[in-house]
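*Asks:* Chain by chain, the residues:
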Amino acid sequence: MKAAGKTNTVLITRKIEFSASHLYHNPAFSAEENRRVFGKCNNPHGHGHNYMLEVTIAGEPDPTTGMVLDLVELKGILEKEIMERMDHRFLNYEVTELKGMIPTCENIAIVIWKLLEGQIRKGKLHRVRLYESPDLFADCYGNGAAQ
Amino acid sequence: MTITLTRRYLFAASHRLHNAKLSDAENQQLYGKCNNPYGHGHNYVVEVTLGGPVDPATGMIANLADLDSYVQKHVLDDFDHRYLNEEIDAFKSTVPTTENLCIEIYNRLKNFPAAHLERVRIEETSKNSFEYSGESK
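Chains as they are written, first to last, in the numbering used here: chain D, 2 to 148; chain C, 2 to 138.
Hints were generated in silico from the structure; no laboratory data involved.
Keep in mind the model is a prediction, meaning the values are calculated, not measured.
Incorrect hints may appear among the rest.
As the list claims (entries may be wrong) - Below, a list of computed lysine to any residue pairs in the SDA-like style, where the Cα atoms sit at most 25 angstroms apart:
1. D:K115 <-> C:G52
2. C:K128 <-> D:I17
3. D:K41 <-> C:A58
4. C:K74 <-> D:G40
5. D:K41 <-> C:P114
6. D:K100 <-> C:D56
7. D:K125 <-> C:P54
8. D:K115 <-> C:N64
9. D:K115 <-> C:M2
10. D:K41 <-> C:R8
11. C:K128 <-> D:R15
12. C:K111 <-> D:P135
Given these sequences and hints, build the entire structure.
*Replies:* Quick look at the structure:
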């Protein structure tokens, strides 16, 4: 039970995995500079990853349902906004939101944040964590909400 | 919006928790199995978190090749397959708990030139972890 006037914020997290290919190339750089800055990731044919996405929503459990946000609803949002857009795609060429950006883990996490932020009907988007591999991930938080 | 990038590294090392200012009985009581005089080892996982901004030309907070070589030179070369108590200067005067290990590794990485060091998190085993984000402002 919570005291009067206090809030009980709970974080809920849903994971999804998608597979996609990408390459790093900045047309403003020379070929040599692209190779030097991006290394193996500059291979013109691209390469792929199994991306693991963790989406965390913060909010108070609804007194009727006991839920911050129905995970089935969140699953549906992730399916429509992320899986349909990014799963089994070449990120540089097939994801409009990434056009003109280098599809690094940082930039993909930012794009995912922007795609999801307006879709969360209950609770608030708290964190987007995107793993490119088990050893590398980017975290995206809302303004001033680091941690 | 705040963006951070985290990279995980692994090293294997041994340590012994023992404070020379305490008696043998007190050390044994305080540290238990970790006070074994011959030491024992762990596979340490070190998570290094860097803060933004993202460079529009590269899409990166920092180039991972630069981070990898910096961590290799300042941490992994010194720590991997070592006995922390005897081979790391800092642990000649402090007990090599993973709390102190977090602080030591943070201090070794805080001057990484390409981005701001946000946090060092260490998993000593799969069941416990420790984090340090620098001195309080």
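*Asks:* State for each hint whether it applies.
*Replies:* Verification of the supplied hints:
Between the alpha carbons of K115 (chain D) and G52 (chain C) the distance comes to roughly 19 angstroms, so the proposed pair stays at or under 25 angstroms and holds. Between the alpha carbons of K128 (chain C) and I17 (chain D) the distance comes to roughly 24 angstroms, so the proposed pair stays at or under 25 angstroms and holds. Between K41 (chain D) and A58 (chain C), the direct Cα distance comes to roughly 17 angstroms. Compliance with the 25 angstroms bound is thereby established for this hinted pair. Proposed proximity of K74 (chain C) and G40 (chain D) is supported: the alpha carbons are some 20 angstroms apart, at most 25 angstroms.
At most 25 angstroms may separate the alpha-carbon atoms for a hinted pair to count; K41 (chain D) and P114 (chain C) meet this at roughly 23 angstroms. Distance check on the hinted pair: K100 (chain D) and D56 (chain C) sit about 16 angstroms apart at the alpha-carbon level, within 25 angstroms; holds. For the hint linking K125 (chain D) to P54 (chain C), the alpha-carbon distance of about 23 angstroms falls within 25 angstroms, and the restraint holds. As the CA atoms of K115 (chain D) and N64 (chain C) are separated by approximately 24 angstroms, the hinted pair is consistent with the 25 angstroms bound.
Annotation: proposed proximity of K115 (chain D) to M2 (chain C) holds, straight-line Cα distance about 10 angstroms (limit 25 angstroms). For the hint linking K41 (chain D) to R8 (chain C), the alpha-carbon distance of about 18 angstroms falls within 25 angstroms, and the restraint holds. For the given pair, K128 (chain C) sits about 22 angstroms from R15 (chain D) by alpha-carbon distance, which is consistent with the 25 angstroms threshold. Simply put, K111 (chain C) and P135 (chain D) have alpha-carbon atoms about 24 angstroms apart, close enough for the 25 angstroms limit, and the pair holds.
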